[in-house]
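Novice: So you can see what is in the structure, the chains are spelled out below.
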Amino acid sequence: MAIASPACCREPQRADVLHRDFTAYRMSLGRVALSVMTGGIALSEHIEHSGAVTTATNGAVVSARGLVRRYGEGDTAVEALRGVDLDLAHGKFIAIMGPSGSGKSTLMHILAGLDKPTAGEVWIDGTLITDLKDKALTLLRREKIGFVFQFFNLLPMLTAEENIALPLSIAGTRPEAEWMDRLVGEVGLKDRLRHRPAELSGGQQQRVAIARALVSKPAVIFADEPTGNLDSKTGGEILELLHRSVNELNQTIVMVTHDPRAAAIADELLFLEDGLIVRRSPHMTAEEILDVMKSLE
Amino acid sequence: MFRFALKALRTRKLRSVLTGIAILLGTAMIAGTFILTDQVSGAFDDIFKKANQGTDVILTQKTAFESQQQQPGPLPQSLIATVQKVPGVALAEGQIGALGALVVDGKYVGPASGAPPLVFSTPSSRFNSNTIVAGAFPARHGDVAIDKGLADREKLKVGQQVGLTTRIGQQPVTISGIFKFGDANSIGGATLTAITLTDAQAWFDRKGQVSTILVAGDNGVSPTDLASRVQAAVPANVLVETGTANASRQAGDINDNLGFLKQFLFVFAVIALLVGAFIIFNVFSITVAQRIRELAMLRTVGASRWQLLRSVLAEAFIIGLIASIVGVGVGVLFAKSINLLFDAAGFGLPTTGIQIKPRTVAIPVLVGTVVTLLAAFIPGLRATRIPPIAALREGATLPRTRWSRFSPYAGGLIALLGIGGIASGFSSNGSVGQRLGLIAIGALAVLFGVCMLIRFVIRPLARILGWPIQKLAGNSGRLGRENAMRNPSRTATTAAALMVGVGLVVFISVFVAGLKSSFIDALDNTLTSDLIIVNEGFTPLAAGAVDASKSAPGVASVLGVGFGEVRFGSAGTEQLSAIDPAQAASLVTFDWQNGGSNQLLAQLGTDGAIVERDFAKTHSLTTGEQFGITTLDGKTARLRVLGEYRDPQLFTGFVVSNAAYDTLFVDRDVGVLLVKFADGVAVATGKEAVATALKATYPAAKVRTNSEYKDFIGKQINQILTIFYALLAFSIVISLFGVLITLLLAVYERTREIGMLRAIGTTRGQLRSMIFSESVITCAIGGIIGIGVGLLFGFLIAKGLQDEGIQFSVPVVTIIVVFVLAVVAGLVAALAPARRAAKLQPLEALHYE
Chain A
1 MAIASPACCR EPQRADVLHR DFTAYRMSLG RVALSVMTGG IALSEHIEHS GAVTTATNGA
61 VVSARGLVRR YGEGDTAVEA LRGVDLDLAH GKFIAIMGPS GSGKSTLMHI LAGLDKPTAG
121 EVWIDGTLIT DLKDKALTLL RREKIGFVFQ FFNLLPMLTA EENIALPLSI AGTRPEAEWM
181 DRLVGEVGLK DRLRHRPAEL SGGQQQRVAI ARALVSKPAV IFADEPTGNL DSKTGGEILE
241 LLHRSVNELN QTIVMVTHDP RAAAIADELL FLEDGLIVRR SPHMTAEEIL DVMKSLE
Chain B
298 MFRFALKALR TRKLRSVLTG IAILLGTAMI AGTFILTDQV SGAFDDIFKK ANQGTDVILT
358 QKTAFESQQQ QPGPLPQSLI ATVQKVPGVA LAEGQIGALG ALVVDGKYVG PASGAPPLVF
418 STPSSRFNSN TIVAGAFPAR HGDVAIDKGL ADREKLKVGQ QVGLTTRIGQ QPVTISGIFK
478 FGDANSIGGA TLTAITLTDA QAWFDRKGQV STILVAGDNG VSPTDLASRV QAAVPANVLV
538 ETGTANASRQ AGDINDNLGF LKQFLFVFAV IALLVGAFII FNVFSITVAQ RIRELAMLRT
598 VGASRWQLLR SVLAEAFIIG LIASIVGVGV GVLFAKSINL LFDAAGFGLP TTGIQIKPRT
658 VAIPVLVGTV VTLLAAFIPG LRATRIPPIA ALREGATLPR TRWSRFSPYA GGLIALLGIG
718 GIASGFSSNG SVGQRLGLIA IGALAVLFGV CMLIRFVIRP LARILGWPIQ KLAGNSGRLG
778 RENAMRNPSR TATTAAALMV GVGLVVFISV FVAGLKSSFI DALDNTLTSD LIIVNEGFTP
838 LAAGAVDASK SAPGVASVLG VGFGEVRFGS AGTEQLSAID PAQAASLVTF DWQNGGSNQL
898 LAQLGTDGAI VERDFAKTHS LTTGEQFGIT TLDGKTARLR VLGEYRDPQL FTGFVVSNAA
958 YDTLFVDRDV GVLLVKFADG VAVATGKEAV ATALKATYPA AKVRTNSEYK DFIGKQINQI
1018 LTIFYALLAF SIVISLFGVL ITLLLAVYER TREIGMLRAI GTTRGQLRSM IFSESVITCA
1078 IGGIIGIGVG LLFGFLIAKG LQDEGIQFSV PVVTIIVVFV LAVVAGLVAA LAPARRAAKL
1138 QPLEALHYE
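Protein chains in written order, with the working numbering: chain A, 1 to 297; chain B, 298 to 1146.
Calculated directly from the structure, the hints in this document are not laboratory data. Positions of the beta carbon are idealized from the N, C-alpha and C atoms, including for glycine. Careful, some of the hints might be misleading.
What the hints assert, rightly or not - Now the stretches of chain A that chain B is said to cover, found in silico as 3 or more residues with beta-carbon under 8 Å:
#	region
1	107-121
2	141-152
3	168-178
My request is simple: use the sequences and hints to build the entire structure.
Specialist: Structure follows, in C-alpha cells:
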C-alpha cells in the first residue's frame, strides 16, 4: 500500500530546502561574525563548534551547539543537559533514545522551542531560536514545527477535521482542499472526519494528531513518545505512518522514545546518557538498540 | 473527612476565596440592612426621647386613624389653664409645630435631603431640648433661632435679616440665635426654626390654639399618675400620654415605615443570595468534576458514598461559614453606602452609631451557611455517584444524578406555574399582601424554571452569538465559542446568575417607564393648564398663593387643588381632592363615565362628590348613593355621589368642592396650583409674570410649565430607579465573580489543551481573545435571556395593572445599554482568567496533571 508521491509535489520542496539552507548559511555566517566582534569567549566557542557553518551547508534542519540545561541553583542544581551539539538532517526520521533521566525529553523540549537552555544555541531551519522572544518563537513554532504528543492532546469540542486544520486556523488560513484530501487519505481518516475525539479510538486520535502536525508542512515534527499510550499493534501502525510521512511527504521527524521497537524504525539514532550524546548511529534493529540501552543502564 | 475538606480548601485558596465572595456579598446585604435600619430607628428613638426629655405628660388631639400625610388638629389654648389646675402639675405650656423654611436673599433655603423643614414655637427652658450656641432663643416678634447645621451650611450669622415661609406668606425675621439639638447640629437633615408662640399662632393660622400641650409634674408625682389625672380633667378627644410613651409611639410610627425599607432591602439581599447560590453550585460542580479521579480513588480505598458527600458538604460549610462571618463585617460598609445612596437620591435618613445586635450576626451567618450547603448538595450527590473504576480511566465524566433527565420537564413546568402564579396574583381578590406574595413567588418560579431550561438553548444561542465574534476574533473567537458550548450546563449556570440581575433591571425599567409614561399621559390628557406650581420639598403651598397668581397679568384662570386623607366607612383610608368648581372646568378635563359632564361640578356644593371609577367599584357605589367618611380629627360627613370619572393617576379617590373641604379640615393648603393663561399670552411671558407675582410672598412656590413639570417628575422617578439599579448592581457584581471563577477553573481544567495550543503556535494574544470570546458569549447569553425574562415580567405586570393606566412599552435604549454592559462585563470578568491562561508556559502546561 505504498503511496507514491507525485514528482510535482516533491520538486518544490527540494527548492524550498535549498532556499532554507542558503538562508541558514547566511545567518550562521552573520552569527560567527557577530561573535567575533563581541569577544574572544564567544569566538572560541564557535571555533570549537565550527560545525555550525558546515551543518548549515549540509542540510541540517535542526542544529544545536553547547546545550546546557540546569535546574535549580547552587548545591542542589541538577544538570539535565551538559553540553549537547547536534545537527539533524532534513528528510530523516531521527530517534532520540536514552534511559529515563538521561535528558532526552529536556533536549526535545529545547530543540522544539518549548523550553530555554541555560546555555547554548538552537537553530531551526536556519533561524536561531534560543534568542527569540515569546511572540516570535510562537510564530516560528506555528510555521516550522509540528508536534505529536503521547496523550494526543486534541481539542475535545472540535471534529477530527477541525483538529487537523487547527494550526492553519490559528494562522488565519485553511488547508487547500487537495492537500487536506491527500493528508486525510495518508492517515486513513476519510470516514472519521466529522467525529469528535471522544468518538475515536486511541490510534485514530493519534492519526488525527499526526495529520495536525503535517498539515502546515513544517520543517520538522517533534514526536514525544507517540506510541507510549497505545497498544503494540496500534503503536506499530502509527510508527509506520510516521515513517511514511518521512519517506513520501519528505518530512523530518524527531522522536523521543524509550521503546527500542519504536526506535528501530528510525533512520538515525542518538543515545543520551547523563545529559550528553554518547552515541550516534544510523538505522539499528530493535535487538541492537536493546543491547546499546542495556550497556547504558 | 472534615480534615480532608480543610486541606482541600487550603490547596485551592484562590478558588475558595472567590467562591466565598459569591456568598459574602449576599450576607453583607442582609447584615447591612439590619445595621442600617437599626441605626435609623435608633436615631429616631433618640430624637423623640431627647425632644420629650423635660416633658412628663404631653397632650395632643386624638386621631381617627394613622396618617402618614397629616398632623393631628390643634387644641384650644384655653385647655392649658384647665391642665394647669390639675393637682400635681407644675407647669403646662402650649406649643405649635408647623412647616416652614428660611428665605435668604430671596432664595428658599430648605433641608438638603427629603427631611421636613420644621418650625416650632420656643418652649420655656424646662421643656426645651435645644441648647443655644450663639445669641438667644426668640423673645420678640420677628425673632428666629435656627439649628447649627443650617447655620453652618448657609453661613448664617446672628443678627442677619432673612425671611420665613409661613401659611400667610413670607415674613421678615431676624436671626436671634443658633442652637444645637441636644449635642447634635441637626436632626437627620431636617431644618429647625424656633419662633415665639405669638408669631407661630399668627403666622400659621392658630389664633387661640396650640398643637400640643406640654406638662411638667411636681416632684414626687410619677408621669403615669400625672397623665391619668390630666386625662380626667380634659375632653375625651384629647390624647394624654407620658413623655416617654409619646416618644416611643412616634418612633414606633417611623419604625413601621422603616419596616418597608427593611423588606425592600431584604428583597435585594435575597436576590443576591440566589445569584450567589448559582455560583456555589457551579463551582462545586466543576470541582467535583475535576476531582473525579481523586474521589474515585477514595472510593476504591473504601470511602463510602456518605463520606464523599460529607467531604463536599464540609467544604461548603467552611466556605459558607467564613464568608458569612466576613459578610457581616462587610455589611457595615453596605449600610454606609446605602445610606449615602439614599442621601444622594434625596431620601437622607438620620443615623446613630453602629450597634450590632445578636440577630444582625446570627441571621446572615445562618442564612449564608445554609444557602451554601444547599447549593453544594447536588454536586455532592453527584460525587457519590462516581464509580470507583473512574480512578483508572483517563477523562472520566461526572455522572448526572438520577433525576436529571426530568429536569427539562420540571423546568418548563415550574416556569409555567410561575407565570400562572403571577397571573393569578393580579386577578385574585385577596389582600394586597397576598397578591404581591403570589406575584413574587410566581416570578421566583419563572426565574428558577428558566434557569433549568437555559442549558438547552446554550448551543443554538452560542452559535448565533459566536458568529459576529468569530468574524471579529477569527479562530480564537471560534475556539471561545466551542468552549462556551462544550459544557452547556456550566455555561447555563454561569449565564443564569447574570440573567437574574439583568432580568430584574430590565423588568424594573419596563415597569417604571410604564409608570412614568402613564403619569405623563395623565398629565397631558387631564390638565389643560399652562403652569403647574408646587412648593419646594413637597410641603403644602399657602392658600393665598391662589389669589396671588390670579393677580398676575395674562392669567385667565387658577385652580388650587387641596389633598386630604379620610377614612372610608369603618376601615381603610381614601384620597380626596378639593377644587374650586367654578375654575375646574377650564383647567381639568374629567373623563366622565356613564354620561356625566362638567355640569356636575357646579352641583358639588358642600355634600356632593364626584368619584373615580375604581373608588366606585371598590366600594360598590352608584350615582345618587351616599357614603360616610371620617377625617383624621374625627369629623364625620356623608357625601352624595353625583357622577363618575376615570383617572387612575391624578385625581384618585374622589373630588369635593373647596366649600366641603373647609367644613372638614382645619387648614386648606394647596397641594398643586394650576394656572391657565388668557389666549395669546406666550408661555414664557406668562410664567415670568406668575413667578414675579409669587416670589415676594411665596418664595417656596416653584413655577414650572407643564413640560418642565413633566421633566421634574421624570427626574424624581429616575432617582428612584437609580436606587433600584444600584441595589441590583450587587447581584450583577456577584454574577460577574461567577463568570470570573468559572473561567478561571476552566483555564486550570484545560491547562494541557492550552499547552498544546501554545506549542503548535497559538500566541498569547490569541489565547486571551479565546478566553474573552468565551466570556463575552456567556455573558451575552445571560444578557439576552435576562432581557427576555425582564420583558416578560414587564409585560405581565403591565397587563395586570392595565386598569391603573400602566402601559407596556419596550425600553429599547435600556435594552441596548444593558446588553452592551453585559458584554463589557464579560470582558472585565475575563481579564484575570485571560491573563492566567496567557501566562502559562507551554511546556509546564503540557505536563500538567
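Novice: It remains to establish, for every hint, whether it holds in the given structure.
Specialist: A quick look at each hint next to the structure:
1. 107-121: holds (count 4)
2. 141-152: Coverage by chain B holds here, the residue count being 8 at a Cβ distance below 8 Å.
3. 168-178: Contact hint for the region 168-178 of chain A vs chain B: holds, 4 residues under 8 Å.
The structure shown violates none of the earlier numbered hints.
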